[in-house]
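Q: So the sequence lines, in the order shown, correspond to chains A and B.
Mapping of the first sequence onto our numbering: residues 1 to 671, in sequence order.
Mapping of the second sequence onto our numbering: residues 1001 to 1463, in sequence order.
Careful: at least some of the hints might be erroneous.
To be verified - Straight-line distance between alpha carbons at most 25 angstroms, and here's what the computed SDA-like set of lysine to any residue pairs gives: (1) LYS492(A) x LEU1185(B); (2) LYS126(A) x HIS102(A); (3) LYS662(A) x GLY1213(B).
Unchecked claim - Which residues of chain A face chain B? A few of them, derived with a C-beta cut under 8 angstroms, are: (4) GLN81; (5) ASN82; (6) TYR87; (7) LYS258; (8) HIS337; (9) VAL341; (10) ALA411.
Hint data in this document are derived by calculation from the structure and do not stem from the laboratory.
A virtual CB, placed ideally from N, CA and C, is assigned to each residue, including glycine.
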Amino acid sequence: MDGREIILKIPTVPGDPARSLIEGARSILPSSTEKKSKIDFFAHSTTIATNAILGQVGLELPKACLVATKGFRDVLEIGRQNRASLYDLNVERPKPIITRDHRYEVIERMTHNGALLEPLDEHECKRVAKKIKRSGTSLIAISFLNSYKNPLNERRAKKIISALVPRASVDCSSDVNPEYREYERTSTTVVNLVLKPILSSYIAKLDALLHRLAIVPEHYIMQSSGGLVPKKQAIKYPAKFIESGPAAGLIAATALAKDLKLSKALSLDMGGTTAKSGAIISYRPLWTTEFEVGGTAYNGRKIRGSGYPVRFQFLDLVEVSAGGGSIAWCDGAGRLHCGPVSAGAEPGPACYGKGGISPTVTDAHLVLGRIPDHLIGGSMRLDLSLARQSLTLLNNRLGNPFESVEKLAIAIIRLSNVEMSRALRIVTLDRGLDPSEFSLICFGGAGPLHACELAEELSIDSIVVPEHPGMFSTIGVQLSKVKQDYSYPVHKAVKDSDFEYFREQLLKRARKELGDISPYSQGWHLELRFQGQSFSLMVRMMKRKPSLDWIENKFLFEHKKTYGFNPPEAPVELLNIWLSLERAISKSKASVRKSRDRYYETTRNVYGLEKGFVVSRILGGLEYMSNPVEGPAVIELYDSTIFVKGGWTAQRRRKCMLLKRKKLGMRGAFA
Amino acid sequence: MTFEPHDVPILPEIIRSALTFGSEEMGIALRNSSFSSNIKERMDHSCALFTDKAELIAQAEHIPVHLGSLPQGLHDTLRYMEENSIELKRGTMILVNNPYISGTHLNDLTLIRPVFLPGSRQLIGFSANKAHHTDVGGKSPASLSSSASNLDEEGLVIEPVIIMKDDHLKSPIVESIAIKTRMPLNFRGDLSAQIASNMVGERRIIELASKYGQTRYEAACSEILDHAEKLLRLDISRTFLEHSSTATEHLESRTGALLKLRIRVDVDQKSGSLTFNYSGTCPQVDEPLNAVLGVTLSGVYYSVRCLTGAATPINSGFFRPIKVNVPKGCILNPRKKAPVSGGNVETSQRNVDLVFRAFKRIVRGKIPAQSQGTMNNVMFGSDQWAMYETVGGGMGARPTKDGIDGIQCHMTNTLNTPVEDMELAFPLMIKEYNFRQDSFGPGKFRGGSGRLERGRFFQKKMG
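When you get a sec, could you build the whole thing from the sequences and use the hints?
A: Here it is, written out as structure tokens:
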């Protein structure tokens, strides 16, 4: 290739994402018929796992069955026994992925400390295997009680069943997720199992199409934990790709934070229907170990019991229902609300002219002059009169409390900012952090429009908007390293833990899967808590061989910082040890950047809360910008628009725009 | 009302949203650093923010049985303080668990923080939370005793007491309480978590009141309450026929089926107001089935909330169109010293069944069949440890679909304790943890099935 960086945005064909991806690649590659192009690095993120769980048409989950300890086959459906909505008399439990008639039981039992109480009843196990064979399912999950402490019975059952059900895919919970709590472990195993055929066929198809197009040495996929995995390993753990897309955004933000030496940064990725936020501390994104796939969010976090828990590493992203498509509406007693319902892409905001009549956040921006009347490089026109009309209608319904549609538009944006600031607050609050100490990295199609106001809401005075904010996630995929994560359940007081032994166990598992692990760098984390607590803290091991005292003191320090107190005399418990192996991929770097932005400079009336319409600078593209831009101004890009509010200055930096707030003292902070 | 011109249609919604989220943040702080499995795992707690006049302004969606009891509890605590001439000062926290003041049962410890603006002596609100401690002493492990015949047998009764002064914990008082519980370590840890939670709530109130100014903040709060009232009145007149309806239900007494305890309600809807009259309900009993007024109110608020629009917020404005009259000395509003531990978990569920039965005649096509009518309390332990949980059961069939199997219904929504957790923590082994097959009521739409749990203990000495 010629070292050019090419960025392209294309719509997905629902039901056939592999084809869309390849079509996109084809349009970039040189169209030579004689020789296939050579691609030396190919990586992608995918939402196919989530879409399958959400029941997208064309992606039905396959039939599977579960073998459980006698007396425990309903654990998978009972879940944590709560309902996902308190006051909804029509509430439903998520449909069990494996129905009761496909859940079998066998006699066996391990005790809580891993002692064999009852060996597997092999005769019964064979009987169950025959039943499974007759039922025609070939996906089999085995999840026994306390198997995380001793996998013996699960392994034995796997052997028997595999022998009797040919070509079956049999997974033991002690292999997939060797951690305590039977429901979460079983759920993780089952979700992972049913996603296997879906991800495998997607990857196989993509790979076949790709090889027809070009020569590719390896093909990588982005995990929810923010690292890449080669395709062969990917199909073993499809549930590790559930948050593949959003993770890429946070990884890109992390790389940018590192470039700019921002040790504390918050990322905000705002698209059409949701906004997602993550925290970056000391150039590392924060992560968690559980996710409720297919669940609904309430105040930023997934409601327990609304989906299916999966316990793998996930970058810690908080999601709120606020996006460019969020609909503004009036309740029965005449008050204005914004979201959580979104107009989506169809019919979309009123100004799209596709039949939407409800005003959205995007309509509000258009009316205020904050976005141009065209989107995506000019290919889509926005109709200002339709936007105004929808707002006028809403104002009427409210009883005309707003003296102009602009005032109503400002109100809508303020409400959506309140919702988004929740996301930013929750990622910091959960760890006892203060958001005002952070820089804000804003991206996604709609993020840079809200950046200044959100920053003011949280008393943040430095904002970073990357180049190509609408396609920033893609850059994250490009910047990622190959990453593999392993965990080992310890469940012992720190002072009784044989640290070296557990460490060897983890390395052994890694070697078994990856072979030589010397090209990888090792990252160790300890999951610690006070004995009796159930929420743990992740402590990064800075030393290669930490003393037990060091571990305890580090935990006490982190706990105090996060929760403001340490209980006296409670012993510290080591829950899990985590190992992350990372390896950089060598690839050629683009030497020439070619942006799809158009370059122009003009003026337009942009509305502000205090002064009404003000003639403001409108700039197209970032490429030739060298002088600082004083707000109010609008910077229009191929894939997004930056609104520089009055009181803010934007300055071009390598790979990004830096927005700084003028010092106003206390009055400014609370204005 | 003193808004600035551009505030009028928007500031109340911004403040309401921020305060609601503030109460959720309190819940996160409480949960993350607590010790009792009831709080950390099962979320048996509630967090709320109040105005300076002790009106509820925002409450996190945690558990319905605390809906009415937290506001009632704050109200009664403040009255107690006034009667006993205890002054509310900056930097204090008040602890209470007397159910006749704080409004649920002894295990629920309520902690209240009066909030003042920095550098001012002006009270601007309260931050308060209530959390279920596994053990507060008394004759049985986990304190909730089915054989108690008066309040003192159910555990330590704490009258409103200042445990924090000038932002310093009064350790002697806390210690004197801690040693009376079976799990002092948990008690101290949970109390620290409750303190942390109230501090988060305080911070949010102060931030908002400073940002928008006290007058605008207060005007917004009063508008928030008026708005909720207006929305609820609309909801009520849309949903309920303008009519009255009566229902009667029974509770099983400890003495078994021989003695049934009657509960009765008359419901009346008139121009957007609902009146509940409980006369005809049996007198209080000397077994722990009495429900204090706060619990009875919670049942009423819960039942009404289930039938209103999703956007209707719960705050003191929501309570205004609902009038509840419960005769003093009856099982749903007992006089002091009657045992009350089961009021939360048994009587409160039957109260919802009763109210829904009365609604059936004045609400069309929305009322479900009755659910399990209990919270299935399970308690066990020894001198050193205690375990408590409630077990989900069958949800009643809905007008258009089946009920759900083995799930938490109505007044509770606490999570279960995982079997592997239980076996790690306690000397027991669970033998079965399934649905109880075919245990549901049949019909065009069937009810949900119940649950079956069997286990074996390895220690002789049990409570």
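Q: Decide, hint by hint, whether the structure agrees.
A: Verification of the hints:
For the suggested pair LYS492(A) and LEU1185(B), the alpha carbons sit about 19 angstroms apart, so the restraint of at most 25 angstroms is met. Between the alpha carbons of LYS126(A) and HIS102(A) the distance comes to roughly 16 angstroms, so the proposed pair stays at or under 25 angstroms and holds. Under the criterion of a C-alpha separation no larger than 25 angstroms, the hint pairing LYS662(A) with GLY1213(B) is consistent with the structure, at around 23 angstroms. Interface restraint check for GLN81(A): the shortest CB-CB distance to chain B comes to about 4 angstroms, inside 8 angstroms, so the restraint holds.
Contact between ASN82(A) and chain B, as hinted, is supported at the beta carbon level, the nearest pair being about 5 angstroms apart and thus within 8 angstroms. The interface hint given for TYR87(A) is met, as the beta carbon of that residue sits about 5 angstroms from the closest beta carbon of chain B, less than 8 angstroms. For LYS258(A), the shortest C-beta to C-beta distance to chain B is roughly 29 angstroms, which exceeds 8 angstroms, and the interface hint is violated. Among the interface hints, the one on HIS337(A) holds; its C-beta lies about 7 angstroms from the nearest C-beta in chain B, closer than the 8 angstroms criterion.
Because the beta carbon of VAL341(A) sits about 11 angstroms from the nearest beta carbon in chain B, more than 8 angstroms, this interface hint is broken. Among the interface hints, the one on ALA411(A) holds; its C-beta lies about 4 angstroms from the nearest C-beta in chain B, closer than the 8 angstroms criterion.
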